[in-house]
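Visitor: Could you build all of it, start to finish, from the sequences and the hints given here?
Note that the protein sequences, when read in sequence, are chains A, B, C and D.
Under the working numbering, the first residue of the first sequence is numbered 187, with each subsequent residue one higher.
Under the working numbering, the first residue of the second sequence is numbered 4, with each subsequent residue one higher.
Under the working numbering, the first residue of the third sequence is numbered 75, with each subsequent residue one higher.
Under the working numbering, the first residue of the fourth sequence is numbered 2, with each subsequent residue one higher.
Each hint should be verified, as a subset may be incorrect.
Stated by the list, open to error - On the chain D side, residues computed to face chain C include the following (Cβ under 7 Å):
id, residue
1, Met26
2, Gly29
3, Ser84
Treat the hints as calculated values from the structure; they're not laboratory data.
All of these numbers come straight from a predicted model, not from anything done at the bench.
For each residue, glycine too, the CB sits at the ideal point set by N, CA and C.
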Amino acid sequence: MVKHLVAFLLLAVLAAVFAALTLGYQPDAALNRTALYYAENTAKDLGAQNIVTAIVVTYRGLDTLGEVTVLFLTSAIVGLILSTHRAAGESRTTGVPAAGELLRTGSRLLVPLILLAGVYVFVNGHLTPGGGFQGGAILASAALLLLLADPLHRFGHRAIAVVESVSGLAYVGIGLLGLAWAGGFLDNRILPLGDFGTLFSAGAIPVIYTLIGLKVGAEFASMLASLSETEKS
Amino acid sequence: MADALITFAAVLAGLAFLLAMYRFVRGPRTFDRVVAFDVMTIVSITGIVLGAVVEERVVYLDVALVYALMSFLGVIVVARYLERGL
Amino acid sequence: MAAVLDILGGLLLVAGTTFLLLGGLGLVRMPDVYNRIQAGTKATTLGTLLTLAGAACLHPDWAIKLLLIGLFLLFTNPLSSQVLAHAAHREHVATTPATEVDLLDEETGEEA
Amino acid sequence: MDAMPIGRMRSAGASFVLLMLFWVMLNGSLASDVLIVGAVASAAIALIYRDGLSIFTEARWTPAAIGATFGYIGYFLKELVKSNLHIAAVVLDPALPVHPGIVKVHTRLKSRMGRLLLANSITLTPGTLTVAIEDEWLYVHWVTMEAADQEEATRQIVAGFESYLEVMYG
Numbered sequence: 187m188v189k190h191l192v193a194f195l196l197l198a199v200l201a202a203v204f205a206a207l208t209l210g211y212q213p214d215a216a217l218n219r220t221a222l223y224y225a226e227n228t229a230k231d232l233g234a235q236n237i238v239t240a241i242v243v244t245y246r247g248l249d250t251l252g253e254v255t256v257l258f259l260t261s262a263i264v265g266l267i268l269s270t271h272r273a274a275g276e277s278r279t280t281g282v283p284a285a286g287e288l289l290r291t292g293s294r295l296l297v298p299l300i301l302l303a304g305v306y307v308f309v310n311g312h313l314t315p316g317g318g319f320q321g322g323a324i325l326a327s328a329a330l331l332l333l334l335a336d337p338l339h340r341f342g343h344r345a346i347a348v349v350e351s352v353s354g355l356a357y358v359g360i361g362l363l364g365l366a367w368a369g370g371f372l373d374n375r376i377l378p379l380g381d382f383g384t385l386f387s388a389g390a391i392p393v394i395y396t397l398i399g400l401k402v403g404a405e406f407a408s409m410l411a412s413l414s415e416t417e418k419s
Numbered sequence: 004m005a006d007a008l009i010t011f012a013a014v015l016a017g018l019a020f021l022l023a024m025y026r027f028v029r030g031p032r033t034f035d036r037v038v039a040f041d042v043m044t045i046v047s048i049t050g051i052v053l054g055a056v057v058e059e060r061v062v063y064l065d066v067a068l069v070y071a072l073m074s075f076l077g078v079i080v081v082a083r084y085l086e087r088g089l
Numbered sequence: 075m076a077a078v079l080d081i082l083g084g085l086l087l088v089a090g091t092t093f094l095l096l097g098g099l100g101l102v103r104m105p106d107v108y109n110r111i112q113a114g115t116k117a118t119t120l121g122t123l124l125t126l127a128g129a130a131c132l133h134p135d136w137a138i139k140l141l142l143i144g145l146f147l148l149f150t151n152p153l154s155s156q157v158l159a160h161a162a163h164r165e166h167v168a169t170t171p172a173t174e175v176d177l178l179d180e181e182t183g184e185e186a
Numbered sequence: 002m003d004a005m006p007i008g009r010m011r012s013a014g015a016s017f018v019l020l021m022l023f024w025v026m027l028n029g030s031l032a033s034d035v036l037i038v039g040a041v042a043s044a045a046i047a048l049i050y051r052d053g054l055s056i057f058t059e060a061r062w063t064p065a066a067i068g069a070t071f072g073y074i075g076y077f078l079k080e081l082v083k084s085n086l087h088i089a090a091v092v093l094d095p096a097l098p099v100h101p102g103i104v105k106v107h108t109r110l111k112s113r114m115g116r117l118l119l120a121n122s123i124t125l126t127p128g129t130l131t132v133a134i135e136d137e138w139l140y141v142h143w144v145t146m147e148a149a150d151q152e153e154a155t156r157q158i159v160a161g162f163e164s165y166l167e168v169m170y171g
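Guide: So this is what it looks like as structure tokens:
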């Protein structure tokens with residue numbers, strides 16, 4: 187009883203703090219200098235409708251490359267640590283209740299649709315909220331659904347690794363092309379900017395986001411694969 | 004008139020959310036909480052759609068779709084975990 | 075014409091959220107997990123569909139995307155409920171004492 | 002890639018059609034750039050994910066099946082509304098008149114899509130929730146159980162949808 191009371195009180199305090207924060211929030215009436223620059227020049231310079239995407243992919247493209255690298259290192263380390271466990275007992279597969287028929291059929295219907303939704307999110311990164319990281323996470327959630335429907339599913343490590351490295355290399359390659367043909371590393375103006383607001387616009391941003399999406403998806407999927415195989419054996 | 008109806012709808016959705024939250028807190032079993040969580044996420048989808056209507060931003064609907072996907076996966080992940088199938 | 079659509083849309087929104095509210099009420103009142111899943115799934119599915127229809131009336135140009143969300147929900151929502159109910163049954167979550175028969179228990183030979 | 006068997010090709014084609022439909026609805030546009038990207042992505046997914054199913058995979062394309070599809074949609078929507086009024090009546094009744102049970106019912110459907118749609122439909126219709134499906138038996142949780150007898154329960158729960166789905170998918 188006392189425990190409940192304490193939990194309730196804590197919740198109430200938390201609610202009060204958040205309420206005070208939200209009610210007291212006053213958005214700035216004018217954009218500050220940096221924001222103003224991006225707001226005014228993004229559409230003109232890069233042809234991207236989504237300013238956040240333009241900042242992430244081009245203005246601060248190098249940071250994004252760093253983030254992708256961090257993610258790559260994480261997945262590599264997860265794979266490395268778990269692979270030592272995996273060697274022990276590879277084939278023990280009993281004791282896992284199989285998924286029902288409905289989940290198996292349903293997942294075979296939904297996995298392709300989820301993959302396509304992921305593609306939609308990263309291809310349209312310059313037009314709508316979302317982008318490479320979000321789309322990649324959705325791709326990986328399709329892999330998670332596969333695993334839920336069949337806990338013993340084995341992913342093709344080689345295929346995942348190929349997708350990962352090819353998209354990573356192509357990403358850096360496009361960055362270098364920007365250095366050669368346009369203003370600098372990861373400049374998106376190596377491709378024509380196109381009509382503002384259409385799918386083929388904003389230069390190389392959709393291409394870069396597609397590569398980031400594939401890379402992130404492959405990294406998450408390989409982490410999932412390592413984790414699931416360790417659990418089962 | 005339509006604005007008043009939208010506000011009323013938002014209030015009803017909020018009440019539904021609170022009822023689900025009550026079940027989430029009360030339990031008693033994890034499964035009850037998962038059901039409550041499922042209902043809460045779906046009420047949130049309605050909330051997102053209402054938000055899109057009020058703000059007149061079609062892009063919010065993409066968020067609603069991804070949210071629907073995540074709520075579906077979330078429930079299945081927990082269900083499979085609880086029956087030790089993951 | 076637009077005014078009529080607006081009112082219709084608003085009414086559909088209210089109808090949809092009313093069903094959501096009933097679903098929430100069912101969640102609170104129903105005696106065991108299985109009955110709660112029943113109330114939750116049905117009410118939220120129709121409730122959300124009606125809300126989506128209402129939004130489509132208010133913004134006819136969004137209709138296709140709203141239809142897509144509705145179709146997606148029609149497949150995923152019952153599926154997750156079924157998986158959850160099956161998991162609850164496998165873990166032997168008790169049914170309410172009012173339950174009359176449980177033919178799944180003895181026949182499927184799932185490990186106890 | 003070696004030559005694909007005809008069955009695989011048909012199945013990949015069905016997946017591609019569904020994915021393309023999904024893509025166009027998602028984008029809400031028929032512009033050529035949208036279609037090109039969608040076709041490439043859909044083809045890649047349909048070819049790479051070989052276990053993919055689509056609502057068209059096992060569908061029959063006879064005129065009767067197309068008629069049955071419309072009949073099914075109408076019947077389903079009617080049952081969905083009825084189901085919610087039923088739940089509302091139960092929940093709002095102060096006495097909470099539930100006498101649930103899990104009954105076993107029989108289905109004749111063989112195709113995977115047909116069975117998935119049947120189970121989903123049953124879950125969304127008055128007072129019933131599919132808990133499991135094994136071979137030709139469905140285990141259904143019923144909030145207000147009206148018949149424990151297997152044949153009677155099958156007639157009440159399954160028969161309505163099955164008659165349509167049998168024509169659509171077999």
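Visitor: Against this structure, judge whether each hint is valid.
Guide: Okay, the hints, checked on the actual structure:
{"no.": "1", "hint": "Met26", "in the structure": "holds, 4 Å"}
{"no.": "2", "hint": "Gly29", "in the structure": "holds, 5 Å"}
{"no.": "3", "hint": "Ser84", "in the structure": "holds, 5 Å"}
In terms of the numbered hints stated before, the structure departs from none.
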